[in-house]
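K.L.:
Spelled out, the chains give:
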Amino acid sequence: MKSDVAITEDLELQLLLDAIYRKYHYDFREYSPASLKRRLTQARTNFACESLSQLQHRVLHEPGFLPQLLPFLTVQVSEMFRDPSYFLSLRRQVIPHLMTYPSLKVWVAGCSTGEELYSLAILFREEGLENRTIFYATDINTDALARAEAGVYEQDRIALFTENHRRSGGKSSLSDYYTAAYGRAVFDKSLRARTVFSDHSLVSDAVFAETQLVSCRNVLIYFKRELQDRAIGLFSDSLVRKGFLGLGSKESLRFSSRASDFTEFDREERIYQKTAGL
Amino acid sequence: MSDEPSITRGNQSAVVIGASVGAIEALTAILPALPATFLLPVLVVVHIPPDRKTILPELFASRCHLPVKEAEDKEPIRAGTIYFAPANYHLLVEPDFLLSLSNDEPVLYSRPAIDVLFESAADAYGSDLTGVILTGASADGAQGLKAIVANGGSAIVQDPATAEGTAMPTAAIESSPAARILPPDRIAAALLEACISES
Numbered sequence: 180m181k182s183d184v185a186i187t188e189d190l191e192l193q194l195l196l197d198a199i200y201r202k203y204h205y206d207f208r209e210y211s212p213a214s215l216k217r218r219l220t221q222a223r224t225n226f227a228c229e230s231l232s233q234l235q236h237r238v239l240h241e242p243g244f245l246p247q248l249l250p251f252l253t254v255q256v257s258e259m260f261r262d263p264s265y266f267l268s269l270r271r272q273v274i275p276h277l278m279t280y281p282s283l284k285v286w287v288a289g290c291s292t293g294e295e296l297y298s299l300a301i302l303f304r305e306e307g308l309e310n311r312t313i314f315y316a317t318d319i320n321t322d323a324l325a326r327a328e329a330g331v332y333e334q335d336r337i338a339l340f341t342e343n344h345r346r347s348g349g350k351s352s353l354s355d356y357y358t359a360a361y362g363r364a365v366f367d368k369s370l371r372a373r374t375v376f377s378d379h380s381l382v383s384d385a386v387f388a389e390t391q392l393v394s395c396r397n398v399l400i401y402f403k404r405e406l407q408d409r410a411i412g413l414f415s416d417s418l419v420r421k422g423f424l425g426l427g428s429k430e431s432l433r434f435s436s437r438a439s440d441f442t443e444f445d446r447e448e449r450i451y452q453k454t455a456g457l
Numbered sequence: 742m743s744d745e746p747s748i749t750r751g752n753q754s755a756v757v758i759g760a761s762v763g764a765i766e767a768l769t770a771i772l773p774a775l776p777a778t779f780l781l782p783v784l785v786v787v788h789i790p791p792d793r794k795t796i797l798p799e800l801f802a803s804r805c806h807l808p809v810k811e812a813e814d815k816e817p818i819r820a821g822t823i824y825f826a827p828a829n830y831h832l833l834v835e836p837d838f839l840l841s842l843s844n845d846e847p848v849l850y851s852r853p854a855i856d857v858l859f860e861s862a863a864d865a866y867g868s869d870l871t872g873v874i875l876t877g878a879s880a881d882g883a884q885g886l887k888a889i890v891a892n893g894g895s896a897i898v899q900d901p902a903t904a905e906g907t908a909m910p911t912a913a914i915e916s917s918p919a920a921r922i923l924p925p926d927r928i929a930a931a932l933l934e935a936c937i938s939e940s
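Protein chains in written order, with the working numbering: chain A, 180 to 457; chain B, 742 to 940.
Any given hint might turn out to be false.
DSSO-like mimics (lysine-lysine), calculated; alpha carbons at most 27 Å apart, straight line [said to hold, decoys possible]:
| id | chain 1 | residue 1 | chain 2 | residue 2 |
| --- | --- | --- | --- | --- |
| 1 | A | K368 | A | K350 |
| 2 | A | K202 | B | K794 |
| 3 | A | K202 | A | K403 |
| 4 | A | K181 | A | K421 |
| 5 | B | K794 | B | K810 |
| 6 | A | K403 | B | K794 |
Honestly, the hints are just simulated from the structure, not real lab data.
Chain A on its own, in the form it takes in the complex (with noise of 0.2 Å):
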């Protein structure tokens, strides 16, 4: 049976997405509940409020709150290259048939600070597509876009930057890319010559271009199944017909009722083509 405390944080919790829906519509009520909820009880502490109902109250009367709470509501923890196998699975099986297109959109959908972006970036330039190519980096997440778009990362997480590059096939130096200064590495701005940095939301925006590539990894899990759908969906309709959608590296199309408009390209790496017929 839950406890009495579980039930009412449960109706605070509804609540407090519905305060932030309404004012704000910034729409979190088909997230996961119990990892918003973990992240919410770290704003509490940190705002130092003593329950849900107040950070609601602190939402729908203080003006400047939410930015301050978004944060929270949106996980920002990636690595560029996570996952090398990924990368090498996209340079050695889908570069190959990319290549047949003249020119190319890839989607690299909730791209919150940018690392997935530079690491497609690097490696679509490493396999001469970059010409050819234009990204769509998207979140809901104002300010981790403005961060993608500055393409600064601290110094010690570049070591682990560099070994995953290394491992994905990299056929160039990441120090090819980035200036070392003051602790920060800064990312050659060339990089992102090709990309359109936009506020989009998987909850309630459309498809805006029809892409060769989506890249939406470790997003997902933080849906609600009707939600992953939603999303699913908007990517099978930017797709074109036997495009590719990659997923992160726990994440599948095994419960999604849009499973059926893809099929698996490689399983182990999950990535996804979409089917020749629709």
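Since the structure of chain A is already known, use the hints to place chain B on it.
P.N.:
This is chain B only, laid out in the frame that chain A set:
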């Protein structure tokens, strides 16, 4: 409640287990001793390095009477099934008894973290939950076990004298003084009692 079919029984109560250094030996004394008739789902977090794969599901599948698998995101929790958290993801229980994975920051340097599983399971299952802290060298799990007790659930901790890592069970006993303290070879029997009293 007793006339409910077993499949829904498992949706309402569960066992969660957390272990770190020395986990395989401790779990080997517990999981294979659970009979095929054991009705509760068993969710397990073991601290493992953040590589792509964990061998734990395969390792225990061959030793256990119950089905063993790696937990998948948004997977319905089934009765009488043992789930292991994957490497580099937290494992959580949703209020509607689906499993969730998350990429949130490590907790006490660990992802998966025991606290994350235990606290979310405590919310979902309330008093129908048994939490077990085994051997380990960190304090992970102590807060989670406390949350389970606070929500009316039961706590079991491996006797630190039998544990390869004493810090984790010691921290858990400190945070949850009401916990039963048992050697690993008696924990399976205690879980069976919990299973029987639930049904």
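K.L.:
Given the hint that K794/B pairs with K810/B, does the C-alpha gap stay at or below 27 Å?
P.N.:
holds (12 Å)
K.L.:
Hint check: K403/A vs K794/B, CA-CA at most 27 Å. Holds or violated?
P.N.:
It holds: about 25 Å lies between the C-alpha atoms, which stays within 27 Å.
K.L.:
Would you mind confirming whether the straight-line C-alpha gap from K181/A to K421/A stays at or under 27 Å?
P.N.:
violated (47 Å)
K.L.:
Would the pair K368/A and K350/A pass a check requiring their Cα atoms to be no farther apart than 27 Å?
P.N.:
Given pair K368/A, K350/A holds - Cα atoms ~20 Å apart, limit 27 Å.
K.L.:
Regarding the pair K202/A and K794/B, is the alpha-carbon distance no greater than 27 Å?
P.N.:
Violated, at roughly 43 Å.
K.L.:
With the threshold set at 27 Å, check whether the alpha-carbon distance from K202/A to K403/A stays at or below it.
P.N.:
Within the cut-off at roughly 22 Å; holds.
Hint violations for this structure: numbers 2 and 4, all remaining hints satisfied.
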